[in-house]
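**Q** Chain residues, written in single-letter form:
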Amino acid sequence: MPKAEWPPAEKRTLIGKPIDRADGPAKATGTAKYSYDINRPNMLWAKVVTSPHPHAEVAGIDTSAAEKLEGVKGVWKDEAAKEVNYVGQIVAAVAATTEEIATEAVSLVKVNYNPLEHQVVDSDPELFKGDPNKRDQGNVDEAFGKADVTHSGNYGVPVITHCCLEPHGQVAEIRDGEMYVWPSTQNVSGYADRGLSEAAGIPQNKIHVDCQYMGGGFGSKFNPGKWGTISAALAKQTGRPVKLLLDRDLELMIAGNRPSGFSKIKVGATKDGKVTAFESEVWGTSGMSGNPPDLMPYVFDKIPNQRRIVKRIQTNRGPAQAWRAPRHPQNCYLTLAALADTAAALKMDELEFFTKNLDLTARPDVYKEELEIAARLVNYNQKKHVRGDKTPGPIKRGLGISVHTWGGLGHDSECDVTVSPDGSVEAKIGTQDLGTGTRTVIQQVVADTLGLPLDAVKVQIGKNEFPRSGGSGGSTTIGGVSTSSRLAATAALNAVCEAVAQKLGTTAENLEAAGGAIRQVDKPSNRISWKDACAALGVMPITKRGTQTRNEGKAKGFTNEGVGGVQIADVSVDIETGVVTLNEMVAVQDCGLIVNLKLTESQVYGALIMGITYALYEEAVYDPKTGRMLNADMEFYRLAGIKDIGLLKVHMMTGKGYDDRGVIGIGEPPVISPGAAIGNAVANAIGVRVPSLPLTPDRIITALQKEGSIV
Amino acid sequence: MSKQPGSGFSRRGFLKGVGITSVAGGLISPAGLTSAIAAEGDVKGPGETPITLDVNGQKRKLNVEPRVTLLDALRNRLDLTGPKKVCDRGTCGACTVIVDGKPVYSCSMLAVEAEGREVTTIEGIGTPQRMNEVQRAFVKHDAQQCGFCTPGFVTAATAFVRANPKASIEQVRAGLGGNLCRCGTYAGMILAVVDAAKGGSNA
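Read top to bottom, the protein sequences are chains A and B.
For the first sequence, position 112 matches number 112 in my numbering, and the numbering has no gaps at all.
For the second sequence, position 70 matches number 70 in my numbering, and the numbering has no gaps at all.
One chain only, chain A, in its complex shape (with noise of 0.2 angstroms):
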């Protein structure tokens, strides 16, 4: 009887191969519909009212003018609305006949504001008032007062935000006492909550979630938010289908904030470069929650004695979402900046400082493999220098190390597989496609079980009707869909083999799929196509069901957690302008079996875009005094352009050691990275470190002039 588990590499047809994007056509034609892309009939058009103040009181809200003007046919207000919190913090809503005339409709609304004091600036530790979260292992001062040398900087990265280019909301519809949703979401299965529910009076197990395509969620798009449960109260309200999408500047302003991290730190190092202390103070903001990121010190958490302060700040900015690894990145730059100052003091070589003291990570044998790796791809030996490129003119050219670390095991996730008679495969699973390649991987591993090719098998995906799979966030889909898929589609082929077992003179135990058949695993000539096979199966079709679970996935072996990865950054900065250059930028990287190949690339290839984008050009810049965005827009909310990027290479670590840890997912761990590679690779062209992110020329110029490096 086939077997579930990962087949050996020499048996695997499909799962592993670089495979074209199966929903690739779609997209490039346009053709695939987004959330934001669904017409209803008799639409209507909703808007939100926003707060201006960064605090205040809420004294009143009129909405009657709104309500008189020509096509306006639904109002929303916030009746429980006593405070609000953040600029853009939403407090009413119109829906009207067109778009336009609903953003017309918001300017007629009048809102009562009382202002109160508010407070946005992050970066600065005396804003926490109270005790800070404390913790201490082994006897640091006794360790420092030991060292050889010793190091303190101060280090930052601001908040950002993800500025999805699909922004946040829905589409929603009432028929029949049903609700019908379109939202933009990376949680389809999860995404019809107690919320939702209760703002539209509809019973949770009747609302229907429809995500096929989605532009964009990084970790912000779980839950329904306000612009859900507006959107569903104003389609109950009006009896019509709603459109709620958010504008660009509240996409950027309150759909999501990665938190900031700030921290001052201080290193001891034997003179041979050991590292024995590590001690941080940290602090940050996530918005009124305030918590910073706080996995100090970051990767080298072995380092023997250690102190950690943490202290959160407040403040009256748009609420932070998971994004891409939350935490990782920032403690990433924060610790790896630290340490690659230590290298610097102790005048030793970056590679050769971070290769000593693998041993205080969790799995030194692979980033020692992979820095080998890295180092080659990059020319290393022949580019490196100590700090501070002394060629002469204005462009400075250095490289940058940085490693990390990402859990990554399969979720929870049921999978149906459905086989027919006249031979065609269907798989339903409850996930999405996030543009990870979820549609492509189910349909590779359900046809490689059966032995069929790609197109014999129809996937679908993105309903809450499905089987149900978990959300799509910290890198748990691939291993999940991937687990629960196999399941399903050898459950269903031992029921095939079962069918046809004696019309082949054998028992289901000896039988394999293979090459569109049934065959004999002993005597392969002895063979039934799979078409007819299928046919003995009756007049019904088949259903099986894969259920994978988080515990029974890994103890199986069919998935996993824990990887590591490395990059090195080469740049080149113009000492007199402060212009970063990216020239080139490698990634080494283990994500256990990969299912398909070019797809992880293109993941990690976008996870080194998105961190250069985050390393030279995007902060969230407020304004202390009016406690507004000042760039929520995205000419001032800058993106990495196609010019931007450099040389880019990417290696994917495979074979023995990696395949056979089962399938672990990929979306988060490239991206922790390329701060502190970039950051590290600034600091040994130019000489000084640039002490926060993003490194734009005025941090660049500045930094230069307190070294007295330039005047």
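Be aware that one or more of the hints could be misleading.
[As the list claims (entries may be wrong)] Label-pair restraints from in silico Cβ distances:
hint, chain 1, residue 1, chain 2, residue 2, range
1, A, Thr626, B, Pro165, 45 to 55 angstroms
2, B, Gly45, A, Pro453, 51 to 61 angstroms
3, A, Ser123, B, Gln58, 52 to 62 angstroms
In short, the hints are calculated from the structure, not lab data.
For glycine and all other residues, C-beta sits at the position ideal for the given N, C-alpha and C.
Once you've looked at the hints, dock chain B against the given chain A.
**A** Relative to the frame of chain A, chain B by itself:
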């Protein structure tokens, strides 16, 4: 309305555009503006006005207020949702369409301005069964992830490849500098557009 050379705004088009939207309030005296337009004739609005757009080779009749952008007319009135609304102010290129042979940000052109011009959207460039060379190359080199920016990039790249049939990597980087992607698909995109320029993705 006569066919105008080049792309984007003419002074006359601009005045007509702002004249009947609320943003003009306070900037220009409405009375003065009205007379300036009246002198040129051909006044549109206020209120909905019938127009005919030439989109993907079809004449499409629709009613729009003069303040409606070409992007919103395409997406909200004609259900041509390939062009995407992202920044809505001429920065990101997700709304790119081809007007009289040139790539244009459809969020920054009014629908009434597009009358009498040939508009091609992503829907008019190719279908999943009959993709053009750029679309085939985007699939082959996986120059897309979430895909939300893809129609704008494909449209811009299609116009670029027609104008630069032997483009180098450096020319591609410069030529597609007017579009933005958040997932980070530029690596595949450079390969795709160079490949498409060579006609190399026919396989």
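**Q** Against the structure, test the hints numbered earlier, and report the numbers of the ones violated in rising order.
**A** none
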